[in-house]
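J.: Here the structure of chain X is known, so what remains is to put chain E in place on it, guided by the hints.
Protein chains: 2
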Amino acid sequence: MFESHFQTFTDSADKSKGAARLAELRAELGRRGLDGFLIPRSDEHQNEYVPRCAERLSWLTGFTGSAGMAIVLQEIATILVDGRYTLQVRDQVDVQAFEPLNSSDVHPDHWLEKHLRAGMRIAYDPWLHTPSQVARYQKAIEAAGATLVATAPNPVDAIWHDRPAPPLAPIRLHPEKFAGKAAAAKLAHVQKHIGKAHALVLSDPHSIAWIFNIRGSDVAHTPIALCFALVPHEGRATIFVDHRKVNEELRSALHELVDFAAPDALIPALENYGRDKALLRFDAATAPVRLVQAFEAFGGKAEVAPDPTANMKARKTKAELRGMRAAHRRDGVAVTQFLCWLAREAPKGKQTEITATQALETFRRATKKLKDISFPTISGMGPNGAIVHYRVTQATDRKLSKGLFLIDSGAQYEDGTTDITRTIAIGKPSVEMRDRYTRVLKGHIAIVTSTFPHGISGAQLDSFARRALWDVGLDFDHGTGHGVGSYLSVHEGPQRISKLGHVALEPGMVLSNEPGYYKTNAYGIRLENLIVVEERKISGAERKMLGFENLTLAPFDLALVEPKLLSDDELRWLNSYHARVRKELSPKLDATTRKWLAAATKAVKR
Amino acid sequence: MFESHFQTFTDSADKSKGAARLAELRAELGRRGLDGFLIPRSDEHQNEYVPRCAERLSWLTGFTGSAGMAIVLQEIATILVDGRYTLQVRDQVDVQAFEPLNSSDVHPDHWLEKHLRAGMRIAYDPWLHTPSQVARYQKAIEAAGATLVATAPNPVDAIWHDRPAPPLAPIRLHPEKFAGKAAAAKLAHVQKHIGKAHALVLSDPHSIAWIFNIRGSDVAHTPIALCFALVPHEGRATIFVDHRKVNEELRSALHELVDFAAPDALIPALENYGRDKALLRFDAATAPVRLVQAFEAFGGKAEVAPDPTANMKARKTKAELRGMRAAHRRDGVAVTQFLCWLAREAPKGKQTEITATQALETFRRATKKLKDISFPTISGMGPNGAIVHYRVTQATDRKLSKGLFLIDSGAQYEDGTTDITRTIAIGKPSVEMRDRYTRVLKGHIAIVTSTFPHGISGAQLDSFARRALWDVGLDFDHGTGHGVGSYLSVHEGPQRISKLGHVALEPGMVLSNEPGYYKTNAYGIRLENLIVVEERKISGAERKMLGFENLTLAPFDLALVEPKLLSDDELRWLNSYHARVRKELSPKLDATTRKWLAAATKAVKR
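For the protein sequence lines, the chains are X and E, in the order given.
By this note's numbering, the letter at position 532 of the first sequence is numbered 532, and the numbering carries on one by one without gaps.
By this note's numbering, the letter at position 58 of the second sequence is numbered 58, and the numbering carries on one by one without gaps.
Be aware that one or more of the hints could be misleading.
[To be verified] Calculated Cβ distances over 10 Å to all of chain E for the following chain X residues:
1) Met1
2) Thr8
3) Ala19
4) Gln46
5) Glu55
6) Ala150
7) Phe260
8) Ala294
9) Ala297
10) Ser450
11) Ala459
12) Gly473
13) Lys583
[What the hints assert, rightly or not] Below, simulated DSBU-like cross-link-like pairs (lysine-lysine); rule was C-alpha separation at most 35 Å, straight line:
14) X:Lys544 / E:Lys196
15) E:Lys519 / X:Lys499
16) E:Lys192 / E:Lys318
17) X:Lys537 / X:Lys192
18) E:Lys196 / X:Lys114
19) X:Lys139 / E:Lys277
20) X:Lys564 / E:Lys605
21) E:Lys519 / X:Lys537
22) X:Lys537 / X:Lys605
23) X:Lys583 / X:Lys564
[Unchecked claim] One-sided and incomplete, this derived list gives chain X residues near chain E with beta-carbon spacing under 8 Å:
24) Leu87
25) Asp462
26) Ser463
27) Val472
28) Asp475
Please keep in mind that the hints were generated in silico from the structure rather than gathered at the bench.
Think of the CB as a built atom: it goes at the ideal place given N, C-alpha and C, for glycine as much as any other residue.
Chain X extracted, bound-state conformation (with noise of 0.2 Å):
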């Protein structure tokens, strides 16, 4: 009855092929005279999704995880992975083959520095690497007395035969009722924000796809059109890309403000650009240093500094928000659906975390809207709910039962993207489930009730979310909150809730609000609705303030609710959402769910 189009329960990990692939990539590397090789997950965007033609890391270790670096040496070989891999990069990989090392414990710097030899030749390529990123390397590289060397085509494309082709999906327009600005308009703002540099050069697809509205299906959960771009200081910008991709109603619809060249007309581009002296601005995060090498080797001057466009992209339109507010209340019919379903099949005994979300997804899907889900559904019963970065596989899978089940997850739609976790009681909480949950959904209400100045960055908010936790000894290990995209990518900068996060916050700007506690071996609590910065108006302020607009509309569990540990604010907070949540939802939902609704949001007292 429920199925999943969007996501897979297996684990696509192959750690049988490790060593063998292994000792091809170092054949290839002695064919070409170097001693080592780094091979990071990135492809060339640095995006957090990738095609799977660029799935190097993976193919080679068999590691899947969304982060890591291998490096191998002729000698010896390592995969580092941060702290939320450690446990599956064991599973995973071949350990006798490529050691597992936490990058927390041992930063790839330090491993090089010391593992090198003098004179050893170190090969990179440098497509997949940053400017920063490569700078680094070479300084521990060359502490060791070792050369870092660029190298091409990349060795691990050289020996994986049946290496997918790059993808072409189809770009299409986004249309201008969702985005609500013209591309003439947004590309006219970018080229006044270039500052001295004659262009831009973008290499962060999502930053294209805003400033044209355009989307793409290149990669999972995010429709961007893998591509990168070129745009001067005036006059039309190129974006370079397969012919394959662009149909004649886009070139059409763009023809005024954009070229289309193909991939391999990039380098050329920048080395003219260099051969006339040229200032160009490229993005610190995201551009390949192939790029900036191609334009310097001719006597360019690069100025590597944050895309202007992640702060223009991420003020989002009167007509985006309007496109949210739509997606969350179509969301919230869907999520609400789901979990008067969980509250009925649940206790019986025959769900898993799998079957939970096939389930889910169906009533998005039902939705008629759904374009993709936005990331892997993370559903973790009981133990499982504690991994915060939790996939279910067919080997993992945990059937629901008595005890604390976590569902985090969320949809494109075109007029938008949604991220929502909920967590419920199965059976009867205990006091510890109830006072946890209680802490965090305090935390929750902390930081959507704030009220605060323009300047404010997301650090700041942070700690609210956590004094409820903190007054007992507890706390959990993730930022409360993330950028999010509008019908992008659902983790967005420069934005964030974070202690990383020193971007002051802006009106139009999409967050999480997602604080959380894990309880390891036992159980995971996350509350988590999508806000939005807006303009606050309050009668004698003496600073322009700020505040937030919640967008996500589901209920809360009540069961693990302890009211008593709310102050009068909080209550009242609730039992208003809650409120709101009923009337916005109530007329979309059959009468059974609309009925399970009532009673799941009916007003708390103490």
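T.: Coordinates of chain E only, in the frame set by chain X:
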């Protein structure tokens, strides 16, 4: 009856001489073939309080603020000060001679880039700037095609004929019963943290005072002896100081740890290290570039990094904390006597900001333990209270009258340093004043009652102090707290509670907790206690937690507290704090004050 021994109320600024001195300086620069000169407010140690012989900026321009810089060219001269001093500078300086600018609007770099012409030679005194300051000026000056050159002796000194001699106050031992750790143990500990360097160059006199348990009287308000020191990886350290400041007792107490050498011997010693191609570590915050240059000129390799003793000094010993508590009880008695006197005398209309300051110091001197005040008292009636860094002079003195009176003051006792601000209503306060005061108090309570895991910095707590103000569109434009020394500077790093305070808080660190609210031209509110970071044992805690012990003991003005705005927990904290103040201070008070305190600290109910 009351008098001040440790501060004056005159405005020493004399703007009448600025133009003549500027002309003399220009002639001196001309004789040296220089086109310009930088005159910072700093001394050779980047001190907050500087000796009179280092008051070059004030002598030249008249400006007496604690930060600023003049730049003198042959045709034009400017004085750049920060937002605190933009009004004061216009009162104190001949603006025809020195154009006053706000350094937040016009950074010295930008002024230089704008006003220099190619070929100009701009000079600086290499004793008065750190390497990073010089690097920054150099960049701007070279961008204009000009050259930055060191010059010696300081051209201002060459024309300042009655320049005072450097201070020669005798250095005295700081008893181990107060320090809590012998100099030998501290030196050994510091030596373990020098890292790869052959020696540590100490340029911060506070660090030298701390390591060797010595104190001096070379500058106002901070008991330091101006000197430099060299600490080798092992063996005896050398302190470079005028022999007239070193008596036999000191020499013999430290003779196993320290060689004393003349100040002139420092540069040759660094040159010798340079000849040996040594690696020396300099303090990034205070080292004069002169030292680094002398060392590097002979082939040495400088590591310019934070002073490793700053963090050690910040974590007070048990004895220092015991001393701090005793100092705060003693100071609390004096402050409470003052507050009782103020409550009686202020309504009579005969007192002023100055007489109040004199009264407070007199109560403190009556303890027989007062060594100095820890900074010039900020005593601001009504509108003057809204000037965050106000310093009362005969010219600005206001009569105490109906409204709010803010008094921020501190003491130096041999066992500890204090810093306290109270805001007192004279007559019946308005509803608005009570609202604002109570919101500031809520912020104060939110800080002192916060519990947080190890690793958390002051930046992550700062917003707790602001939330109740943000709720109604208000804020304050300074950090919530600064570090405090132990019979050392009342402003001590690295710990602070501010959005810039990224150093983890550690047990034993003393901080101020001083949220405020300032209504320009009307009144100021600031409520300041000192607090110390302590370990917190919490039953069931999953993290190692920290919290704050409160040090300062003196009542808050209950006439300004609106109980309806306080939560149950906040009300409980206030009543329990007042009960403690009453209990600890009453035995040491005269009957009148004791009776007043009992009423001033009565439990508040809603």
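J.: Next, verify each hint and record whether it holds.
T.: Quick rundown of the hints versus the structure:
Distance check for Met1 of chain X against chain E: the nearest CB is about 41 Å away, which clears 10 Å, and the non-interface claim stands. Non-interface call for Thr8 of chain X relative to chain E: holds, since the shortest CB-CB distance, roughly 35 Å, exceeds 10 Å. For Ala19 of chain X, the non-interface assignment is confirmed: its Cβ lies about 40 Å from the closest Cβ of chain E, beyond the 10 Å cut-off. At roughly 26 Å, the least C-beta separation between Gln46 of chain X and chain E is larger than 10 Å, which holds for a residue marked as non-interface.
Consistency note on Glu55 of chain X: stated as away from chain E, and its beta-carbon is indeed over 10 Å from all of that chain's, at 35 Å minimum. Non-interface status of Ala150 of chain X relative to chain E is upheld: no Cβ of that chain comes within 10 Å, the nearest being about 31 Å off. For Phe260 of chain X, the non-interface assignment is confirmed: its Cβ lies about 40 Å from the closest Cβ of chain E, beyond the 10 Å cut-off. Against the 10 Å criterion, Ala294 of chain X stays outside the reach of chain E, whose nearest CB is about 28 Å from its own CB.
Its beta-carbon lying about 26 Å from the closest one in chain E, Ala297 of chain X satisfies the requirement of being farther than 10 Å from that chain. Not every beta carbon of chain E lies more than 10 Å from that of Ser450 of chain X, the smallest distance being close to 7 Å; the non-interface claim is violated. A Cβ of chain E approaches the Cβ of Ala459 of chain X within 10 Å, the least distance being about 7 Å, so the stated non-interface status is violated. Not every Cβ of chain E is farther than 10 Å from the Cβ of Gly473 of chain X; the closest lies at roughly 2 Å, contradicting the non-interface assignment.
Interface exclusion of Lys583 of chain X from chain E stands, the closest Cβ pair being 26 Å apart, more than 10 Å. Between Lys544 of chain X and Lys196 of chain E the CA atoms are separated by roughly 50 Å; this puts the pair beyond 35 Å, and the hint is violated. The hinted pair formed by Lys519 of chain E and Lys499 of chain X meets the criterion: a straight-line CA distance of about 31 Å does not exceed 35 Å. Restraint check: the Cα-Cα separation between Lys192 of chain E and Lys318 of chain E comes to about 22 Å, which is no more than 35 Å; the hinted pair holds.
A hinted pair counts as satisfied when its Cα atoms are at most 35 Å apart, and Lys537 of chain X with Lys192 of chain X qualifies at roughly 31 Å. A hinted pair counts as satisfied when its Cα atoms are at most 35 Å apart, and Lys196 of chain E with Lys114 of chain X qualifies at roughly 18 Å. For a cut-off of 35 Å, the pair hint linking Lys139 of chain X to Lys277 of chain E stands: about 22 Å separates their Cα positions. Distance restraint check for Lys564 of chain X and Lys605 of chain E: the Cα-Cα separation of roughly 22 Å lies within the 35 Å cut-off, and the hinted pair is therefore satisfied.
Of the pairs offered as hints, the one joining Lys519 of chain E and Lys537 of chain X holds, with about 20 Å between alpha carbons and a cut-off of 35 Å not exceeded. Between the alpha carbons of Lys537 of chain X and Lys605 of chain X the distance comes to roughly 30 Å, so the proposed pair stays at or under 35 Å and holds. A hinted pair counts as satisfied when its Cα atoms are at most 35 Å apart, and Lys583 of chain X with Lys564 of chain X qualifies at roughly 26 Å. For Leu87 of chain X, the shortest C-beta to C-beta distance to chain E is roughly 19 Å, which exceeds 8 Å, and the interface hint is violated.
Given hint, Asp462 of chain X at the interface with chain E, holds; its Cβ is 7 Å from that chain's nearest Cβ, closer than 8 Å. With 8 Å as the threshold, the beta carbon of Ser463 of chain X comes within range of chain E, its nearest partner Cβ sitting at about 5 Å, so the hint holds. At its closest, the beta carbon of Val472 of chain X sits 6 Å from a beta carbon of chain E; the interface hint therefore holds under the 8 Å criterion. At its closest, the beta carbon of Asp475 of chain X sits 5 Å from a beta carbon of chain E; the interface hint therefore holds under the 8 Å criterion.
Figure legend: structure checked against the earlier numbered hints; hints not met, in rising order: 10, 11, 12, 14 and 24.
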